[in-house]
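Novice: Sequence:
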Amino acid sequence: MKIIMLGAPGAGKGTQAKQIAGKYSIPHISTGDIFRANIKNGTELGKKAKEYMDQGLLVPDELTCDLVVDRIGQDDCKNGFVLDGFPRTIPQAEALTNALNELGQKMDYAIDVDVPDENIVKRMSGRRACLECGATYHVVSIPPKKEGICDACGSELVLRDDDKPETVQKRLDVYHEQTQPLIDYYKKAGILKSVDGTQPMEDVFAEIVKILG
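Per this note's numbering, the sequence shown starts with residue 301, numbered consecutively.
Read the hints as simulated data drawn from the structure, not as lab findings.
In silico DSSO-like links for lysine-lysine, alpha-carbon gap of 30 Å or less:
(1) Lys323 with Lys488
(2) Lys340 with Lys323
(3) Lys406 with Lys347
(4) Lys488 with Lys470
(5) Lys348 with Lys302
(6) Lys446 with Lys464
(7) Lys464 with Lys422
(8) Lys323 with Lys493
(9) Lys488 with Lys378
(10) Lys378 with Lys302
(11) Lys493 with Lys510
(12) Lys318 with Lys464
(13) Lys302 with Lys487
(14) Lys378 with Lys406
(15) Lys350 with Lys318
(16) Lys318 with Lys510
(17) Lys348 with Lys318
(18) Lys470 with Lys487
(19) Lys510 with Lys302
Label pairs and their computed distance ranges (CB to CB):
(20) Asp462 with Val440: 10 to 20 Å
(21) Ala452 with Arg336: 20 to 30 Å
(22) Glu432 with Leu400: 37 to 47 Å
Values in this document were obtained by computation on a predicted structure and should not be read as measured data.
We put the CB at the ideal spot given by N, CA and C, even for glycine.
Using the sequences and the accompanying hints, generate a full structural model.
Specialist: Right under this line is the structure:
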């Protein structure tokens, strides 16, 4: 079962991807993890990726796709995998489709966790993080016992810059411009399934399980 997770930043697709991976015993593959593993292991692809990342540049599509294809060619992916954070653009999606075609494989599902922008802005701006121990909270859904104070270590909680409404909106604008077209791409391929991401997390997961069967 080969699955791609789609959805805006903050839609909760990473959480769902992890749960899918656990339930179906398939690896959860995020591009961030692949980059880190290749850089840590000093692979050729990793060295190339590091050159771009060190300069604060995006890793080019072709190289990202090579890294992903290399990862999905490993033994633990023989029963499938769930991709999270890739592809992000149409060129990446086309490169992935072509690479899988060459292997005689194809994606089975592209699952879009659909959440309106205003919900995401509200959701993200309610997040609070402890910079000391890394614990995260949400003022509505997972509030700390004492307002503004971390339960785990007693440090002050902060609203991170990347969770501020204006930053979130900027990220959403980029998403709509670059990644939203993937929805149409996978719809045309006949593998797109959409779930309502505004429901409680367990309900979203139950809906995904129904789709995957």
